[in-house]
Structures are given as structure tokens and as C-alpha cells.
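**Student:** Each chain, written out:
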Amino acid sequence: MTIDEEIKKEVEDNKILIYGKGTKSMPMCGFTKETIVFFNKYGYDFEVIDVLRNVEKREALSKMTNWPTLPKVFIDGQFYGDTDILDEMESKGEVEPLIKKAFATEN
Amino acid sequence: MISQDILISYIHKTMPDAEVSITDRTGTMDHFQVQIVSAVFEGKNLLDRQRLVYQALNEPMQDGRIHALEIKAKTPEEAAAA
Chain A
31 MTIDEEIKKE
41 VEDNKILIYG
51 KGTKSMPMCG
61 FTKETIVFFN
71 KYGYDFEVID
81 VLRNVEKREA
91 LSKMTNWPTL
101 PKVFIDGQFY
111 GDTDILDEME
121 SKGEVEPLIK
131 KAFATEN
Chain B
217 MISQDILISY
227 IHKTMPDAEV
237 SITDRTGTMD
247 HFQVQIVSAV
257 FEGKNLLDRQ
267 RLVYQALNEP
277 MQDGRIHALE
287 IKAKTPEEAA
297 AA
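Residue numbers (our numbering), protein chains in the order written: chain A, 31 to 137; chain B, 217 to 298.
These are calculated hints, taken from the structure and not from any lab test. If you're wondering where the values come from, they're calculated on a predicted model, not measured in any experiment. The C-beta atom is built at its ideal place from N, Cα and C for all residues, glycine as well. Among these hints, one or two may not hold up.
As the list claims (entries may be wrong) - Partner residues aside, some chain A positions facing chain B, computed with beta carbon under 10 angstroms:
#	residue
1	G60
2	T95
3	N96
4	W97
5	P98
6	Y110
7	I115
As the list claims (entries may be wrong) - Simulated pairs of lysine-lysine, BS3-like, Cα-Cα distance not exceeding 30 angstroms:
#	chain 1	residue 1	chain 2	residue 2
8	B	K229	B	K260
9	B	K260	A	K93
10	A	K54	B	K288
11	A	K87	B	K288
12	A	K87	A	K131
13	A	K130	B	K290
14	A	K39	B	K260
15	A	K93	A	K51
16	B	K290	A	K63
17	A	K39	A	K130
18	A	K71	B	K288
19	A	K71	A	K39
20	A	K45	B	K260
21	A	K87	A	K45
22	B	K288	A	K93
23	B	K288	A	K122
24	B	K260	A	K38
25	A	K130	B	K288
26	B	K288	B	K260
27	A	K51	A	K130
28	A	K87	A	K71
29	B	K260	A	K131
30	A	K122	B	K260
31	B	K260	A	K87
32	B	K290	A	K93
33	B	K229	A	K93
34	A	K130	A	K54
35	A	K71	A	K51
36	B	K290	A	K131
37	B	K260	A	K63
38	A	K45	B	K288
39	A	K39	A	K63
40	B	K288	A	K51
Could you build the full structure based on these sequences and the hints that come with them?
**Tutor:** Next comes the structure, spelled out in C-alpha cells:
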């Protein structure tokens, strides 16, 4: 499976997915930790995929999303950047309905 | 490390009308909060606005002069209303 196919599958298999540095239990970067704290508030299941040492996958992700930094968040298969974007969306009450919709379409 | 006026010159290369205010978050000249007001953001959602700023600052981000960037991208109307 190519890196792009691997990413595509991971994005489809996880309603909420964070590509970051470190794991859910041991984040290695402040911004990844911030994103985990952000989603813990909502109480829905989410996945953290550590790409800290996987340069090839990080480059594929950056190219695919036209976004140079980590973490990268996908909700229901859509890319939403990081907590800079999500905090702003949350202040407009856009995050909760998005997550509810993602988990409502249980296939 | 990067000086604020070099950072601003990068932004002005792609957004000549931009009004830029920069806060050095940690005093180490590599963790910045950048507020940019430019008409180029009109009609663009948050993600695309940030993409524009990342593209403008791509070089100093790739070579590590900038470690962390918090971006506030506003149109002139939004800035005036704030």
C-alpha cells in the first residue's frame, strides 16, 4: 500500500483523527497535546497517529493538505488544520454539530 | 530566529496591502503571534487564509527560523469591527 493509500484509509477509518508528534498517552509536542485536550472535552472517541519520525508520511500529508505544520486534524474525512482553526470554529459553535454528524452516520 | 521587519517583508511580498502586528511569544524570536489585516482574505475561509500566510512565510518556516506561528488573519472590515 502506498503512503497516500495508507493515509486515505486512516482518514476514512477514524471519525476524528489527529496526525501529530507522539501518542495519545505520550504527546511529544505542545500543539499535539493541545489538540488531544481539545477533543477530550467532547468525549467522543478519536485517534492519534504519531508521525514524528516518519518524514516521508509527513511530507505526503503536507502536500495533500497544502498545510506545512503538525498536528493535522481530520473530522469525518475532512481536513481542519489545527487548534488555531478549531478554536475559532468552536467560538462560533461549529465544532459540536460537526462531530455529532460524523458519529451519527455510523456505517 | 528572525527579525520582525524581515518577517513583515516576507508577508508584504505576497500581500502588499497587509497591516501586520507581531508578538514574540517567548522572547526567542522564533515563536510568533502574527495578526495580518489584508483585503486578500475576503471571501476566504479560515483554512485558506492560514494557507496563504503559511505560503508567504514558507521559506523561514522550512529553514527553521520560525518554529511556531499563531496566525490571526482578518479583512479590513473584520479588523475595524473588532
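**Student:** Okay, which hints does this one fail, numbers in order?
**Tutor:** The structure conflicts with no hint, since it agrees with every one listed earlier.
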